[in-house]
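Asker: Each chain, letter by letter, is given below.
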Amino acid sequence: MKLTLRIWRQSSATGRLVDYELEDLSPDMSFLEMLDVLNERLITAGDDPVAFDHDCREGICGMCGLMINGMAHGPEKATTACQLHLRHFKDGDVITVEPWRAEPFPVVRDLVVDRSAFDRIVAAGGYISVPAGSAPDAHATPVPKPDADTAFEAAACIGCGACVAACPNGSGMLFTAAKATHLGVLPQGQPERYSRARDMVAEHDASGFGGCTNAGECTPACPKGIPLTTIARLNADLLRGHTIRSDR
Amino acid sequence: MDTIGLYRTTIGKKAVMAVTGAALLLFVIAHMIGNLAVFSGADAIDGYGRFLREINVVWPMRIGLLGCIALHFLAAYQLTAKARKARGKYEHRRRVQGSYAARTMRWGGVIIALFVVYHLLDLTVGWLNPHGVSGEIYANVVADFQHWYVVLAYTLAVVALGFHIRHGVWSATQTLGITTSRVIGLGVAVVICAGFLSVPFAVFTGLVS
Numbered sequence: 000m001k002l003t004l005r006i007w008r009q010s011s012a013t014g015r016l017v018d019y020e021l022e023d024l025s026p027d028m029s030f031l032e033m034l035d036v037l038n039e040r041l042i043t044a045g046d047d048p049v050a051f052d053h054d055c056r057e058g059i060c061g062m063c064g065l066m067i068n069g070m071a072h073g074p075e076k077a078t079t080a081c082q083l084h085l086r087h088f089k090d091g092d093v094i095t096v097e098p099w100r101a102e103p104f105p106v107v108r109d110l111v112v113d114r115s116a117f118d119r120i121v122a123a124g125g126y127i128s129v130p131a132g133s134a135p136d137a138h139a140t141p142v143p144k145p146d147a148d149t150a151f152e153a154a155a156c157i158g159c160g161a162c163v164a165a166c167p168n169g170s171g172m173l174f175t176a177a178k179a180t181h182l183g184v185l186p187q188g189q190p191e192r193y194s195r196a197r198d199m200v201a202e203h204d205a206s207g208f209g210g211c212t213n214a215g216e217c218t219p220a221c222p223k224g225i226p227l228t229t230i231a232r233l234n235a236d237l238l239r240g241h242t243i244r245s246d247r
Numbered sequence: 000m001d002t003i004g005l006y007r008t009t010i011g012k013k014a015v016m017a018v019t020g021a022a023l024l025l026f027v028i029a030h031m032i033g034n035l036a037v038f039s040g041a042d043a044i045d046g047y048g049r050f051l052r053e054i055n056v057v058w059p060m061r062i063g064l065l066g067c068i069a070l071h072f073l074a075a076y077q078l079t080a081k082a083r084k085a086r087g088k089y090e091h092r093r094r095v096q097g098s099y100a101a102r103t104m105r106w107g108g109v110i111i112a113l114f115v116v117y118h119l120l121d122l123t124v125g126w127l128n129p130h131g132v133s134g135e136i137y138a139n140v141v142a143d144f145q146h147w148y149v150v151l152a153y154t155l156a157v158v159a160l161g162f163h164i165r166h167g168v169w170s171a172t173q174t175l176g177i178t179t180s181r182v183i184g185l186g187v188a189v190v191i192c193a194g195f196l197s198v199p200f201a202v203f204t205g206l207v208s
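Those sequence lines, one after another, are chains W and F.
The first sequence runs 0 to 247 under numbering that gives the first Met the number 0.
The second sequence runs 0 to 208 under numbering that gives the first Met the number 0.
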């Protein structure tokens with residue numbers, strides 16, 4: 000296959016799109032393997048390789064994140080950029096590749112953005128406090144099956160940031176809601192349920208993310224398909240956490 | 000209860016928008032039902048107007064509505080400013096969900112607000128009404144909708160209101176913690192549009208004269 004890539008290159012405060020033509024690509028290559036091929040060529044020619052984040056390349060680590068033709072992680076549903084294969088593009092296509100763009104995600108270089116804001120949201124409340132010691136029996140605390148399913152669905156979030164990248168408000172509410180939900184529906188997460196909602200949302204807002212307007216752009220962009228119902232659940236916890244549960 | 004702390008959060012501002020929006024929606028529904036009195040003739044709707052004044056609901060209602068609009072607008076303005084700053088500026092971007100109603104909430108709201116000003120000058124104050132006699136509601140309405148441009152202005156505003164309600168109903172319930180079907184918002188919007196547009200349509204086609 001032959002593809003033309005228009006890649007965002009940035010090494011200082013401003014950047015620009017640069018065109019690269021690639022030939023003899025295999026349709027079975029992943030999008031990141033294609034960038035590897037491009038980088039080998041650039042390095043051989045003595046140019047700077049394109050910086051991009053990646054780690055597991057199995058769609059489970061959340062490191063990769065590219066805006067491909069204006070869509071987070073590209074055109075395939077429930078697929079990370081590393082699991083996106085070139086067979087989903089046509090021979091001769093021109094593909095624009097940009098980094099995630101949002102105020103709380105500053106560009107570090109080329110396609111790499113700083114997602115520390117997500118770490119701060121998790122540090123603010125995305126945990127449960129347990130007395131450390133020997134591991135408790137796995138079935139010591141019964142969990143109703145529907146709750147376990149809801150928690151698991153939310154826990155599938157890999158923290159890649161596609162929800163923020165796709166959001167017309169630059170909101171990180173789907174991420175925050177996923178983290179708050181996977182703990183908030185389990186019995187172990189109950190003692191800190193309302194303080195968690197308050198603290199995580201306060202950190203979300205302080206980090207410069209926008210508010211959610213329920214536009215619904217995030218769930219289709221999410222490689223794990225985290226549902227919008229998690230946001231409603233977080234909203235309910237936050238409203239209770241500031242009113243009838245403000246003492247907890 | 001920590002009202003100030005709640006309002007500081009983006010979700011708290013949205014909750015204010017949801018509650019004031021719900022109050023405004025209830026008014027809009029009552030207004031729409033009241034309008035349908037025009038189909039029972041001049042005595043019915045003029046009498047309905049006199050009745051509202053006699054039971055002294057007009058001014059308390061106006062003050063309440065103005066308060067709701069002020070809070071709704073303030074929260075919307077603050078959230079819009081925060082979102083403008085937060086969102087990314089892409090060279091190339093494609094919307095996936097593409098809900099027209101969700102995308103036009105902000106400017107749609109401004110259009111509805113401007114229409115309300117015109118509507119008050121037209122049928123409440125009477126300055127912009129071709130008949131414009133206070134209390135003669137039926138005659139004012141009939142005089143208004145003889146003109147195609149008045150019908151057009153009202154139609155556009157009601158459709159804008161319909162889009163606003165379509166996303167607003169769903170979004171408000173979501174904000175208050177309940178995920179409902181989007182069909183409910185669509186249903187409410189269609190009923191309100193049909194109810195409001197029936198009056199100018201009936202006058203323009205001569206069914207009411």
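These aren't lab readings, by the way, just hints derived from the structure by calculation.
Values in this document were obtained by computation on a predicted structure and should not be read as measured data.
It is possible that some hints are incorrect.
[As the list claims (entries may be wrong)] Pairs of lysine-lysine residues, derived as DSBU-like cross-links and limited to a Cα-Cα distance of at most 30 Å, are as follows: (1) W/1 <-> W/76; (2) F/88 <-> W/76; (3) W/144 <-> F/84.
Asker: Would you mind marking each hint as holding or not holding in the structure?
Answerer: Checked hints:
{"no.": "1", "hint": "W/1 <-> W/76", "in the structure": "holds (24 Å)"}
{"no.": "2", "hint": "F/88 <-> W/76", "in the structure": "holds (23 Å)"}
{"no.": "3", "hint": "W/144 <-> F/84", "in the structure": "violated (41 Å)"}
This entry does not satisfy hint 3, going by the numbered hints stated previously; all others are met.
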